[in-house]
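Same order as they appear, the protein sequences are chains A and B.
Mapping the first sequence onto my numbering, position 27 (from 1) lands on 28, and the numbers just tick up by one.
Mapping the second sequence onto my numbering, position 377 (from 1) lands on 1451, and the numbers just tick up by one.
Worth flagging that the hints you see were computed from the coordinates, not collected in a lab.
Just to be clear, a hint being listed does not mean it is correct.
[Said to hold, decoys possible] Covered stretches of chain B (chain A as the covering partner; in silico rule of three or more C-beta atoms under 8 Å from a C-beta of chain A):
no.	segment
1	1266-1275
2	1396-1403
3	1449-1458
4	1461-1475
5	1538-1545
Built from N, CA and C at the ideal position, the CB exists for glycine as well.
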Amino acid sequence: MPQRFRFSSFLLIPLLSLLAGCNTWTQRGAKGLGLLPKAAPGEQHFSNYQPKNPYVELGQGILYRKLFESAGPAGLNIEVRDLLVGPRQQTSEVTLPGAAVCEMRSGSGTLTTDHHMQDLGYGTTFMLPEGSTFAISNKSDNPISIRVHLIRAE
Amino acid sequence: MIRIWHPSIVLLIPAFLCLMLFSACSADWPAFRHNPLRTGAQLNNGPLTDPSKVANLAVGWTFPGTTPPSPAPGPFRAAPIVYKGVVYIGNSNGYFYALNANDGTLKWQYPSGGPALTSTFTCNPSSEGIASSAVIAEIGGKDAVVFGAPDQSIGTHLGSGRLFALDASTGAEIWKSPEIAALRSDGVTHQQIGYSSPLVFNNHVYIGVADHCDNPIQQGKVVAVHLADGSIDVGFSFASTGPPRGGGIWGSVAGWDGLYVTTGNSNIGGAEPTPDNALSLLRLDPDSGAITWNWRPVPYSMDNDPDWTATPSVVLGSCGTMAVTTEKDGWTWAVSAGNGTPGPASVNLAFPPGPCSSGGFNPMDVTYHNDTRYLRPGAVWNDVYIVQTGGYTVTTDVYEGFHHLYALNACASDADRVRWIKDVPDSSGAEYDLGPPTVTHGIIFVGTDQGHLVVLADPSVAPATGWRCNNPSVPSATCVASGFSLVPDPVVLADINLNAGAITTEPAIVGDPVFVSTEGGKVFMLKP
Chain A
2 MPQRFRFSSF
12 LLIPLLSLLA
22 GCNTWTQRGA
32 KGLGLLPKAA
42 PGEQHFSNYQ
52 PKNPYVELGQ
62 GILYRKLFES
72 AGPAGLNIEV
82 RDLLVGPRQQ
92 TSEVTLPGAA
102 VCEMRSGSGT
112 LTTDHHMQDL
122 GYGTTFMLPE
132 GSTFAISNKS
142 DNPISIRVHL
152 IRAE
Chain B
1075 MIRIWHPSIV
1085 LLIPAFLCLM
1095 LFSACSADWP
1105 AFRHNPLRTG
1115 AQLNNGPLTD
1125 PSKVANLAVG
1135 WTFPGTTPPS
1145 PAPGPFRAAP
1155 IVYKGVVYIG
1165 NSNGYFYALN
1175 ANDGTLKWQY
1185 PSGGPALTST
1195 FTCNPSSEGI
1205 ASSAVIAEIG
1215 GKDAVVFGAP
1225 DQSIGTHLGS
1235 GRLFALDAST
1245 GAEIWKSPEI
1255 AALRSDGVTH
1265 QQIGYSSPLV
1275 FNNHVYIGVA
1285 DHCDNPIQQG
1295 KVVAVHLADG
1305 SIDVGFSFAS
1315 TGPPRGGGIW
1325 GSVAGWDGLY
1335 VTTGNSNIGG
1345 AEPTPDNALS
1355 LLRLDPDSGA
1365 ITWNWRPVPY
1375 SMDNDPDWTA
1385 TPSVVLGSCG
1395 TMAVTTEKDG
1405 WTWAVSAGNG
1415 TPGPASVNLA
1425 FPPGPCSSGG
1435 FNPMDVTYHN
1445 DTRYLRPGAV
1455 WNDVYIVQTG
1465 GYTVTTDVYE
1475 GFHHLYALNA
1485 CASDADRVRW
1495 IKDVPDSSGA
1505 EYDLGPPTVT
1515 HGIIFVGTDQ
1525 GHLVVLADPS
1535 VAPATGWRCN
1545 NPSVPSATCV
1555 ASGFSLVPDP
1565 VVLADINLNA
1575 GAITTEPAIV
1585 GDPVFVSTEG
1595 GKVFMLKP
């Protein structure tokens, strides 16, 4: 049998199978599935899902949640928080209730404190003196999350 | 003249034929994750693709029935496969069962006499009896069923692992491979097949080898045996690492235009082995075992045991062919399959996204890569990958992802990555809370650690219950104002308490019925 014919017949079997009733196979890949419609602006029809430890607003564009709080030495109170800045968010100027040691857990952006600017990326650490104000700019499509250790007098 | 016999075509033809014969056009479920691509998808239409009928799912039969086999089955760690009206499944008691799919009666069991297929080393559920899900093959013109198991009749009689090929109709032995996973009493050598399910592909059977709970960790490898007679193909060789050891292969090998495999960790202290292809998603040459590409996001210095154990799935996506899987640390990755030419891996997808998308992690990024137990393979439905993964919260709370089943748009931008999120009801939210999901035309089946079979519908199939935030820690009401997006929360079509222990294995969707095995030692057939 000529090699080309052998090759053709080898391919013919699965091709005939496709035509004979395996049409679902052809739906894979090439056409994709498409994205689901997005929520309409102002959508309020929410499911009954509730986060177990939800973020709440700290200021415009910035959320926080408390993870842990304990009495520390020498009359100090220690609290661990997560801050969250969503994609494409410019936060308002906010203040934390104490001195803060901060560690970037995800995302990238810019921190502004007292007119001083600092780039933020994975693993960046920075400190915020008690009473200082700061703002964060997130120009990416990915959220910024920051682990904060707050220390204040009880 | 056009050169027709390009090497990639030569590889694709048997892969394609294999799919056509055993999966793509069959309403059966002839392999772990249904097919060599490990998609966990049933492509045929049937009653289980109709949301209104799925809501009426009920138990048709339970195995064991009124006359249980002796000894009674223990927990099922292997998933059922179904072919030509027969359910095949191994049990932790060391026996392999063939059940009539229409009534659950025992057709045959193996061994029919003599000792069970067990190991003298047991440390976790993977090492108790038969944990390897089986696969259907054709050997010498006969339908055969192939699985991996320990066998105390070989090696030093401790229960080394080997492959078995049985006549699918009678349970008669066709062949038994030589020792594949060696077990010795030297305190060092304790390999096992465990959960790895054989891949029938390229006229071979490929199986992964890991170990009995580390202590010490073993050298991971993929072994290829000839499909015809079970002899080891010495021309194929892949070991994850050089001395001292590491890179166990806990999952199953996937096959398409090459082999795709994930490897466990290698850092046991001391110097890094050379080579070190641990913690990797790899494409291998199916003839030689040579590495085509290797994606390793977690370097040796950050290896705190995030074994990559979830079996990879091959997505034939609208944006190209890719291998997709989730590492035990909760990060999901997709890597372009490429054309088979050796070179660097090209990452298609990282979830969650970020600067680690292409360069991998480094110690300065303070990400965690520990033994966090995102173990389950995902299901593939066109461009959609359905999986339990860490999600956006993995960088702040690596355990939070256990609560959520995600559908990811594999070919979309990062902004549109999350298709939907579901907190599967009647699951604990702890590690091991969900089994591997399976899918048929947008209907998703998943077992829970509380013994429920839950069926969900993609919102394109049945309306969702409402919207929720794509960051699960952000309340729905403040989601959009915070810069995040609302995504659908799929409807639950059925939630059936089987009341027979946790379901850690995949539901096998066979057109009309679906088959489920449980930790309580039961196999169920359910149908509308």
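Hint-by-hint comparison with the structure:
1. Closer than 8 Å: that is the beta-carbon criterion, and the segment 1266-1275 of chain B has 0 residues meeting it against chain A, so the requirement of 3 is violated.
2. Using a Cβ-Cβ cut-off of 8 Å, 0 residues of the segment 1396-1403 of chain B lie near chain A, which falls short of the minimum of three, so the contact claim is violated.
3. Given a C-beta distance limit of less than 8 Å, the hint that chain A covers the segment 1449-1458 of chain B holds, as 4 residues qualify and 3 suffice.
4. Counting residues of the segment 1461-1475 of chain B whose CB lies closer than 8 Å to any CB of chain A gives 3, so the stated coverage by that chain holds, three being the minimum.
5. With 6 residues having a Cβ less than 8 Å from any Cβ of chain A, the segment 1538-1545 of chain B passes the three-residue criterion, so the hint holds.
In summary, the structure is inconsistent with hints 1, 2 from the numbered list given earlier, while agreeing with the others.
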